[in-house]
Amino acid sequence: MKLNTNSNVYTIVYATIVVIVVAVLLALAHMGLKDTQDEKVKLDQQKQMLVALRYDLKNCPNPAATYEELVVDTLQMTEDNEKANIIRFHLPDGATKYVLRLHGAGLWGGIGGYIAMDEDKNTIYGINFNHESETPGLGALIVEEPFRKQFEGKQIRNEAGKMVSIAVMKQGKTCEAGEKYQVDAVSGATITSTGVSDMLHENLCTEYADFLKVEPKTEEE
Amino acid sequence: MLSQKTKETLLGPLNVNNPVVVQVLGICSALAVTVQLKPALVMGIAVTIIVALSNVIISLLRNTIPMRIRIIVQLVVVAALVTLVSEVLKAFAYDVAMQLSVYIGLIITNCILMGRLEAFAMTNKPWDSLLDGLGNGFGYAIILIIVAFFRELLGSGSLLGYQVIPDSWYAAGYENCGMMMMPAMALILVGCIIWAHRSLNKEEK
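Note that the protein sequences, when read in sequence, are chains L and R.
Per my numbering, residue 1 is the first one in the first sequence, and the count goes up by one each step.
Per my numbering, residue 1 is the first one in the second sequence, and the count goes up by one each step.
These are computed hints drawn from the structure, not numbers from a lab.
Where is the CB? At the ideal position from N, CA and C, for every residue including glycine.
Hints are not guaranteed to be accurate.
Below, in silico cross-link-like pairs of lysine-lysine (DSBU-like), each with a Cα-Cα straight-line distance of 35 Å or less [stated by the list, open to error]:
| no. | chain 1 | residue 1 | chain 2 | residue 2 |
| --- | --- | --- | --- | --- |
| 1 | L | 47 | R | 38 |
| 2 | L | 40 | R | 202 |
| 3 | R | 38 | L | 42 |
| 4 | L | 170 | R | 202 |
| 5 | L | 121 | L | 180 |
Simulated DEER-style distance windows between Cβ atoms [said to hold, decoys possible]:
| no. | chain 1 | residue 1 | chain 2 | residue 2 | range |
| --- | --- | --- | --- | --- | --- |
| 6 | R | 102 | L | 31 | 44 to 52 Å |
| 7 | L | 45 | R | 201 | 21 to 29 Å |
| 8 | L | 61 | R | 171 | 28 to 36 Å |
| 9 | L | 8 | R | 115 | 25 to 33 Å |
| 10 | L | 120 | R | 171 | 21 to 29 Å |
| 11 | L | 23 | R | 200 | 46 to 54 Å |
| 12 | R | 191 | L | 73 | 54 to 62 Å |
| 13 | R | 67 | L | 61 | 24 to 32 Å |
| 14 | L | 4 | R | 200 | 27 to 35 Å |
| 15 | L | 60 | R | 123 | 34 to 42 Å |
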């Protein structure tokens with residue numbers, strides 16, 4: 001049996017078969033693994049939220065269980081934006097924290113994170129960032145502790161009660177709202193740092209404005 | 001047990017015919033994934049598996065593949081395997097998959113793969129092709145591991161995520177070398193490895 005492997009018909013049939021076989025194979029693999037993958041994504045998000053709540057994952061052998069222990073409920077935004085959600089936690093010391101999911105853009109791709117707010121919806125308890133593809137050693141440093149630690153205890157509203165968010169500024173520069181409302185940028189990563197700044201501003205002042213505003217008007221005004 | 005020729009096929013790429021330091025293939029990913037040892041290990045294993053399997057598959061099909069679309073068929077086989085590996089990593093090693101991000105997908109464009117398929121698997125039997133794939137995969141992995149070892153050790157003071165430089169050194173003024181975190185240092189390290197390799201293998205011309 002001598003097949004002419006160079007004929008047009010053979011080539012087309014061959015290509016078709018190869019493509020169909022590969023497509024079926026990949027579809028099956030994807031379907032088979034989807035559940036495990038979704039679980040991993042969920043676990044990763046839970047871990048990130050725990051970090052925002054100042055948990056050290058190294059001392060946390062079972063993050064999923066810890067998460068379940070702390071989480072109270074999810075206060076989903078009214079808008080149909082799945083990227084925005086607010087989750088309420090009760091820490092072991094009785095404090096209530098709100099974890100808001102952040103999303104924005106860095107230099108090479110998306111950046112995101114979770115910000116944990118105190119019950120007054122004004123003080124930052126902790127924050128955690130993630131990124132898709134920022135430059136290693138530069139922009140990628142936003143996920144590291146030294147950068148994140150700067151946010152802890154900062155307030156996102158000024159004395160007059162106006163939302164100012166937290167700006168990420170180059171060392172030596174001061175943002176409009178004043179020194180209390182800024183952190184130091186990562187040197188050498190201007191665009192990523194600006195991205196973090198914009199992300200916080202946009203998310204806190206627009207996306208979550210309703211949630212953060214609900215605050216009853218205090219003594220001022 | 002192994003004939004001279006099979007030995008050469010399997011072990012040649014580890015040293016005298018190394019895909020990275022002699023053929024200078026796959027440099028791009030060698031820079032990108034070697035900041036830490038763990039992603040480098042996973043990348044090395046992934047490439048080894050993919051190059052070995054695609055070599056075998058193409059070698060099995062080699063007499064049926066229409067010449068005019070052989071590159072496309074090779075590419076489809078490689079792409080399918082890469083997608084499979086990527087899916088498996090996402091399901092079972094999520095952290096590493098995130099660290100390697102686009103570079104898993106970019107294995108498709110790793111010149112080692114297409115190079116071996118076109119140069120070896122198209123004209124050799126499946127068993128030899130398997131050995132050739134394994135050899136080249138290991139050859140690539142070994143360089144990645146050497147580079148990642150130095151970058152993680154000097155850049156982060158750790159190996160596989162475990163701190164190996166004692167705190168007392170830091171207290172005494174030792175500092176991690178930030179340069180090691182930059183992709184450029186990987187190129188310089190690869191250069192050093194090539195230098196050492198060439199001076200050790202002078203007679204190979």
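- request: Assess, step by step, whether the Cα of residue 40 (chain L) is no farther than 35 Å from the Cα of residue 202 (chain R), and give holds or violated.
  value: Status violated; Cα separation ~50 Å.
query: Regarding residue 61 (chain L) and residue 171 (chain R), is the given constraint of 28 to 36 Å on their beta-carbon distance met?
result: Once the Cβ atoms are compared, 29 Å apart, the range 28 to 36 Å for residue 171 (chain R) and residue 61 (chain L) holds.
message: Holds or violated: the 25 to 33 Å window for the beta-carbon distance between residue 8 (chain L) and residue 115 (chain R)?
response: Given about 29 Å between the Cβ atoms, the range holds.
- request: Assess, step by step, whether the Cα of residue 170 (chain L) is no farther than 35 Å from the Cα of residue 202 (chain R), and give holds or violated.
  value: Answer violated: residue 170 (chain L) to residue 202 (chain R) is near 52 Å, above 35 Å.
field: Consistency of beta-carbon spacing, residue 200 (chain R) to residue 4 (chain L), with hint 27 to 35 Å
entry: violated (50 Å)
- request: Check the following: the C-beta atoms of residue 23 (chain L) and residue 200 (chain R) are separated by a distance inside 46 to 54 Å.
  value: This hint holds: roughly 47 Å between Cβ atoms.
task: Hint says 24 to 32 Å; check whether the CB-CB distance for residue 67 (chain R) and residue 61 (chain L) agrees.
output: violated (57 Å)
- prompt: Within 54 to 62 Å or not, the Cβ separation of residue 191 (chain R) and residue 73 (chain L)?
  reply: holds (56 Å)
task: Using the beta carbons of residue 45 (chain L) and residue 201 (chain R), state whether their distance is inside 21 to 29 Å or not.
output: violated (50 Å)
task: Assess, step by step, whether the Cα of residue 47 (chain L) is no farther than 35 Å from the Cα of residue 38 (chain R), and give holds or violated.
output: Distance of about 20 Å is within 35 Å: holds.
Range agreement (Cβ of residue 171 (chain R) with Cβ of residue 120 (chain L), hint 21 to 29 Å): violated (39 Å)
message: Verify the CB-CB distance for residue 102 (chain R) and residue 31 (chain L) against the hinted window 44 to 52 Å.
response: violated (24 Å)
Checked against the numbered hints above, the structure violates hints 2, 4, 6, 7, 10, 13, 14, 15; every other hint is satisfied.
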